[in-house]
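Number of protein chains: 2
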Amino acid sequence: MNSPLYMTLKDEICEMIEWLASYGKTENGGVTRLLYTKEWYDAQQALKEKMETFGITTYFDDVGNLFGRLEGTEDREKVILTGSHVDTVIDGGKYDGAYGILASLLAAKTLFAKYGSPKKTIEVVSLCEEEGSRFPLAFWGSGNITGRYTIKDVQTYKDVNGVAFLDAMFRLGFGKGRYKTPQRTNIESFIEVHIEQGEVLEKSDKSVGIVSDIVGQKRWQIEVKGESNHAGTTPMNLRKDALKMASELIVAVSKLAVEKFPGLVATVGHIEAVPNVGNVIAGNVLFSLDIRHHQKEVLAAYCQSIMMYIDEISKREKMDILVAEAVDISPVHMDEQGTELLLNIASDKSISYKKMVSGAGHDSQVFGTYCPTSLIFVPSRDGISHSPKEYTKADDLENGIIMLMEMLYRAAY
Amino acid sequence: MNSPLYMTLKDEICEMIEWLASYGKTENGGVTRLLYTKEWYDAQQALKEKMETFGITTYFDDVGNLFGRLEGTEDREKVILTGSHVDTVIDGGKYDGAYGILASLLAAKTLFAKYGSPKKTIEVVSLCEEEGSRFPLAFWGSGNITGRYTIKDVQTYKDVNGVAFLDAMFRLGFGKGRYKTPQRTNIESFIEVHIEQGEVLEKSDKSVGIVSDIVGQKRWQIEVKGESNHAGTTPMNLRKDALKMASELIVAVSKLAVEKFPGLVATVGHIEAVPNVGNVIAGNVLFSLDIRHHQKEVLAAYCQSIMMYIDEISKREKMDILVAEAVDISPVHMDEQGTELLLNIASDKSISYKKMVSGAGHDSQVFGTYCPTSLIFVPSRDGISHSPKEYTKADDLENGIIMLMEMLYRAAY
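Top line first, the protein sequences correspond to chains L and P. For the first sequence, this note's numbering assigns the number 1 to the initial residue and increments by one for each residue that follows. For the second sequence, this note's numbering assigns the number 1 to the initial residue and increments by one for each residue that follows.
Simulated from the structure, these hints should not be mistaken for laboratory data. Please note: incorrect hints may appear among the correct ones.
What the hints assert, rightly or not - Only pairs whose alpha carbons sit at most 30 Å apart, straight line, appear in this in silico DSS-like list of lysine-lysine:
| hint | chain 1 | residue 1 | chain 2 | residue 2 |
| --- | --- | --- | --- | --- |
| 1 | L | Lys-218 | L | Lys-354 |
| 2 | P | Lys-152 | L | Lys-240 |
| 3 | P | Lys-260 | P | Lys-50 |
| 4 | L | Lys-240 | P | Lys-114 |
| 5 | P | Lys-255 | L | Lys-318 |
| 6 | L | Lys-318 | P | Lys-50 |
| 7 | P | Lys-354 | L | Lys-318 |
| 8 | L | Lys-296 | L | Lys-315 |
| 9 | L | Lys-260 | P | Lys-354 |
| 10 | L | Lys-240 | P | Lys-48 |
| 11 | P | Lys-48 | P | Lys-203 |
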């Protein structure tokens with residue numbers, strides 16, 4: 001890496017993105033950094049060293065969240081926390097999570113270089129886990145800081161190779177009380193920058209997104225129970241075709257969202273038919289239903305409508321439909337003052353922006369119920385994320401950092 | 001087996017069904033007799049011996065079709081052929097195919113015992129193969145007799161274990177010219193009894209079905225090409241959801257059949273979504289479409305309508321839809337004189353009957369394009385076939401034989 005003295009912020013973020021992506025690099029040009037693996041550990045250690053070369057004091061907490069601290073000259077107690085997560089999905093991209101950590105680090109470093117120590121303490125955080133890609137639990141990093149999770153919640157989890165969560169953690173020296181207790185009560189606010197993971201910004205040609213809300217999500221497994229029969233010898237009027245019925249529901253799910261619930265997204269992404277043979281009428285179909293919106297009442301109203309429809313169609317066609325809730329996450333409102341401030345900053349700096357709702361979950365969703373939280377997006381090319389194809393233009397990466405730096409400056413200096 | 005002297009036809013058919021099912025019996029109480037396996041060979045040999053104990057002369061042809069011949073006293077050249085297939089699907093039932101052979105055998109035996117030799121030659125046939133369960137070719141038995149297939153058609157076929165069709169055949173001594181040439185030119189008519197494999201007879205409470213036509217069938221693979229995207233971050237109006245589109249088509253396929261094409265059956269039994277994950281919009285969906293009707297023009301008109309609709313919806317939603325034809329079988333009309341005769345017989349004998357269309361394929365479909373052919377159905381309980389649960393009541397089994405016996409008597413005595 002060249003000396004940052006001769007680099008613009010834009011060059012520096014691009015170079016650091018490549019540098020961090022070298023930890024856990026995959027054959028496809030992607031990144032795999034699962035929680036408590038060697039690649040993950042190497043990345044956290046490398047970030048620790050990098051922070052230290054920038055003159056930032058570092059420490060781990062006992063679950064492996066890494067902090068870089070710029071001690072406040074006036075207020076040492078309260079902390080302005082900024083960062084994102086270091087873990088990735090399997091064969092994920094270079095930007096998801098990583099960009100947020102590096103943006104925070106570069107913002108803190110630049111402020112420190114230019115203005116010295118802040119009045120209020122700033123901490124940069126590389127959160128240990130957000131994706132839930134190795135063990136069946138997401139938000140492990142932010143969840144520990146905010147007190148949502150403790151080590152008791154992961155006693156039984158194993159990864160696909162049968163490695164226990166706790167063993168993986170212990171092997172790297174975490175979870176044994178050697179480091180700082182994860183749960184915190186001194187965080188004044190949390191600010192995160194992240195790639196959008198959608199194509200709203202790209203389609204509207206904006207450089208940054210100012211997130212007002214993170215959607216709530218409900219997810220179900222729906223099972224239609226029909227009767228499997230011979231496709232040639234069963235007249236149409238004697239059929240109980242589970243796939244035809246499921247198809248009616250899938251069409252209705254989407255139609256209801258589009259026609260009556262603007263802003264809500266409804267998705268059936270998973271379907272399984274039984275026996276799933278071309279010349280046999282499907283006797284059983286299982287499918288997923290994923291609903292998201294940023295207002296709890298709207299989610300509830302949609303759910304009520306669709307459940308009524310399911311009930312009605314089940315009675316009409318005399319087929320049982322079983323509905324099992326799989327996920328229920330409430331929407332989270334970002335800090336209104338923070339959002340206002342971000343809107344002003346974007347205007348002042350002439351950065352093109354869009355106030356928007358986040359359709360994906362982020363660490364900010366966990367912090368948002370715990371302290372005032374702000375979330376800034378940069379565009380994802382073609383809306384692609386969780387893929388080696390993830391990409392954000394250098395200008396947008398830079399604008400994200402400028403927005404964050406200005407927020408930190410106003411809050412801490 | 002008790003002496004048949006003391007048995008009714010009904011008892012005898014029930015006992016013979018169990019006897020033949022003992023060759024290839026499965027753990028589930030079903031039958032697996034795949035072409036040219038030991039179980040298959042044992043069944044053919046056992047049938048040969050059984051025929052001989054009934055005083056019927058037997059011979060194999062060179063593909064393993066087994067014939068039992070009652071020589072005609074006046075016409076030795078032309079043959080009235082009756083029977084069905086001895087092979088089964090994997091873990092199939094005791095009745096599919098087997099009942100037709102045993103019904104023919106009992107009918108011939110009873111007529112011979114009562115009236116002696118017929119004027120015209122009657123041959124009972126145990127056809128070697130109909131299901132296409134071991135090798136990817138169906139109707140091998142009837143196809144060889146009628147000249148549709150020869151040994152040249154199976155040179156490249158292998159079963160799932162990599163055993164070549166020809167090797168399997170040669171090992172049992174068939175295919176080497178040792179037996180009679182399969183192709184025949186002296187068959188005057190073919191008569192088959194078979195289980196319905198549907199629930200039309202059961203629902204209408206009839207004992208036999210008199211088949212006027214066997215449906216034609218068209219089958220396609222349809223592929224909808226959308227765009228895979230994040231279920232949370234992609235607004236409804238920016239989606240190209242392949243599963244939603246496929247669902248619209250599946251609903252339309254059924255609706256068109258029900259509303260505009262009475263008697264036609266349209267089935268989507270197989271579906272595969274990619275990536276098939278609950279929180280990802282499906283980028284690609286592949287599904288089957290199986291259409292059947294007994295009139296070629298009706299099939300063609302339906303196909304034209306559905307293809308126009310596919311074209312229209314593809315343009316409207318700006319998603320490509322690829323359509324590949326997989327199967328195209330023409331409908332076959334059964335012999336009208338034979339059908340008339342069967343209707344009269346059922347009336348005369350006070351056997352409850354329904355004139356109907358067969359939605360499944362049978363050997364009669366192959367014979368139907370070659371010689372005057374008649375097909376008699378008996379009910380399948382709950383419409384179930386290709387399963388150990390296959391069952392037909394003894395009274396119905398008997399009625400099927402009575403119908404066949406009367407047909408043979410009128411034709412040959």
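Checklist entry - For the pair supplied as a hint, Lys-152/P and Lys-240/L, is the alpha-carbon distance within the 30 Å limit? => result Cα-Cα ~43 Å, so violated.
Checklist entry - Does the structure keep Lys-260/L and Lys-354/P at a Cα separation of 30 Å or less? => result Cα-Cα ~50 Å, so violated.
Item to check | Agreement of Lys-354/P and Lys-318/L with the hint, judged by alpha carbon distance not exceeding 30 Å | outcome: 27 Å, holds
Checklist entry - Can the restraint linking Lys-48/P and Lys-203/P be considered satisfied, given a maximum Cα separation of 30 Å? => result Violated, because 37 Å separates the two Cα atoms, which is more than 30 Å.
Checklist entry - Is the hinted pair Lys-296/L and Lys-315/L satisfied, with a Cα-Cα distance of at most 30 Å? => result Holds, at about 29 Å.
Next on the checklist: Check the hint pairing Lys-218/L with Lys-354/L against an upper bound of 30 Å on the C-alpha distance.
Outcome noted: 26 Å, holds
Checklist entry - Quick one, are Lys-240/L and Lys-48/P close enough, alpha carbons at most 30 Å? => result Not satisfied, since the Cα-Cα distance of roughly 43 Å exceeds 30 Å.
Item to check | Pair hint outcome, Lys-260/P versus Lys-50/P [Cα-Cα no greater than 30 Å] | outcome: 51 Å, violated
Checklist entry - Does Lys-50/P lie within 30 Å of Lys-318/L when you go C-alpha to C-alpha? => result 49 Å, violated
Checklist entry - Lys-240/L and Lys-114/P: Cα distance at most 30 Å? => result 48 Å, violated
Item to check | Straight-line alpha-carbon gap Lys-255/P to Lys-318/L, limit 30 Å | outcome: 18 Å, holds
Hint compliance for this structure: hints 2, 3, 4, 6, 9, 10, 11 are not met, and every other hint is.
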